[in-house]
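Chemist: Chains as they are written, first to last, in our numbering: chain A, 1 to 288; chain W, 1 to 245.
Because the hints were derived from the structure by calculation, they are not lab data.
From the three backbone atoms N, C-alpha and C, an ideal C-beta is built for every residue, glycine too.
Some hints here could point you the wrong way.
Label pairs and their in silico Cβ distance ranges [claimed, not checked]:
| no. | chain 1 | residue 1 | chain 2 | residue 2 | range |
| --- | --- | --- | --- | --- | --- |
| 1 | A | ASP133 | W | TYR83 | 21 to 29 angstroms |
| 2 | W | ALA117 | A | ASP133 | 49 to 57 angstroms |
| 3 | W | GLN243 | A | ILE279 | 51 to 59 angstroms |
| 4 | A | ASN96 | W | VAL137 | 31 to 39 angstroms |
| 5 | A | SER115 | W | MET28 | 48 to 56 angstroms |
| 6 | A | ALA186 | W | PRO76 | 19 to 27 angstroms |
| 7 | A | GLU124 | W | GLY138 | 40 to 48 angstroms |
| 8 | A | GLU116 | W | PRO216 | 24 to 32 angstroms |
| 9 | A | PHE259 | W | GLN243 | 53 to 61 angstroms |
| 10 | W | ASN98 | A | ASN209 | 55 to 63 angstroms |
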Amino acid sequence: MIKIQGLIKEFQVKNKDKKTVTKRAVDNLSLHVKPGEIFGILGPNGAGKTTTIRMLTMETKPTLGEIYYNGESIKKNPLEIKKLIGVVPQHINFDNDLTVGENMELHGRLHHMSSEKRKQRIQEMLDFVELGDTINRMPRSLSGGMKRRLLIARSLIHEPKILFMDEPTVALDPQVRRRIWDLIRALAAKGTTVIITTHYIEEAEALCNRVAIVNKGKLIAIDTPEAFCKSLGRITVEWDDADGHQYQFFESRQEAAAFAGTLEHGAHIRRTNLEDAFIELTGRKEGV
Amino acid sequence: MLQDICTVFWRDWVVLKRRLPKFILSRMVAPMLYLVAFGWGLGRNIQVGSGSYLDFLVPGIMALNSMNISYNSLTPLCTERIYHRSIGEYIIAPMHFNAFIIGKILAAVLRGLISSAIIMILALAFGANLNITPLFVGILILNCIIFAEVGFFAAMKMDSYEELSQVNTYVLLPMSFLCGTFFSTRTLPEVFRWFIDVLPLTHTSYLLRGISTQSPVALESVAVLAVYAIIGFILGNKAFRDQLK
């Protein structure tokens, strides 16, 4: 459905000596997203996730490389491709001079929806995110979680086939985060392709069919969360010694237990998770 | 394209409609002061040509006011671009970028025209003699377009309100006083006058005054304004596309 080939994005930035230098935010990224899947782009802050989404949604132009939707380059017919996509940006970007309902209406109008359809979808989507009674409120009067849900509702008014979600649960409490996860699962169940960026590993693990791990603009690895864990070993032994916090991965709990028994200090045995794979692949801690 | 222009205009109309009484009241203050101070007070004893100074003044005030209102109507786009990032909604929407620019300019023209209508009503109440023709309104619209484009360009290029206010201080404020609005540029030193005569507000002031006093209209001034409008649109378009870099 979406194919990215050799995507590069460079910016001109000032360095500490105030000289203009070229910074490569995305470095030769190639990947393929299948229809109907929840595809995660996982990486630490500054890994190039948002820049990738901005290029995919045509908010910024790639320096080099190609993006294809259903085999068609975005350069060929960008307006037709834009009709297919919905975007939940990381930054809450409501028009603060418009009410919730007017913000939704603006989105519907920008997507050339008829008046009747707009009206119906606005109410439907507000009800879907349980914000039906906020239609006449100003966005600034809503809580952080409500604003995030409203961003999702707005992005869905025109029934996009592909939904981009850039850190949709950033800075939200666990309850709201899980509510948004349920919304995403409900969308995927209806056949919407969801591309989600996150630096929360448990989010990628809980939601995504496949995950691309990116670091410093580069694609490190791409696979299912289960396959990442399997490649390391299903069971992890964690312990502390003079060299710091240590990990070792094993295929079975018996092997892990046997190894843990040889250690001087106590060890913790648990299932390998995506965070282990992430740390092994990127060599850094989550969110650093 | 037309549908997209209407959408962009609709957004600004919704906002304006909600604030219309405040907008009208606030737009009455400056022209009232100009009319009282320069028209009634200072200008009562001044005769310009065959008419009163008030008749001379009103087209100038309309020119400078429409300039200021149109420019300042689009400067909030700067915060929408940098802080609220609400412009992103338009960039990712399936619409032509020109529709966004045209819609925004039309909304600014509407504000400029409402403001000009307020001045017209006040001026008539103050006893001014005005000859309002379709060409007069056309020139006003052209002036609004030019300065809305300046506002759009500034909002796309400047990174803070402080920088935007510098355009007000160093460009619009001197033009407000020097471009034939309050006095004829013929009294200025020649080199300075040459520079002032190139500026669009000078052409608007003279055109509006000429039409209002039923004098012959300098068609080359209309052409100059049209060229400014075209250049302004091209620059605005480029500045908007630069957001994609």
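Chemist: List in ascending order the numbers of the hints, as given earlier, that are violated by the structure.
Modeler: The structure conflicts with hints 2, 3, 5, 6, 8 and 10, although it agrees with all the remaining ones.
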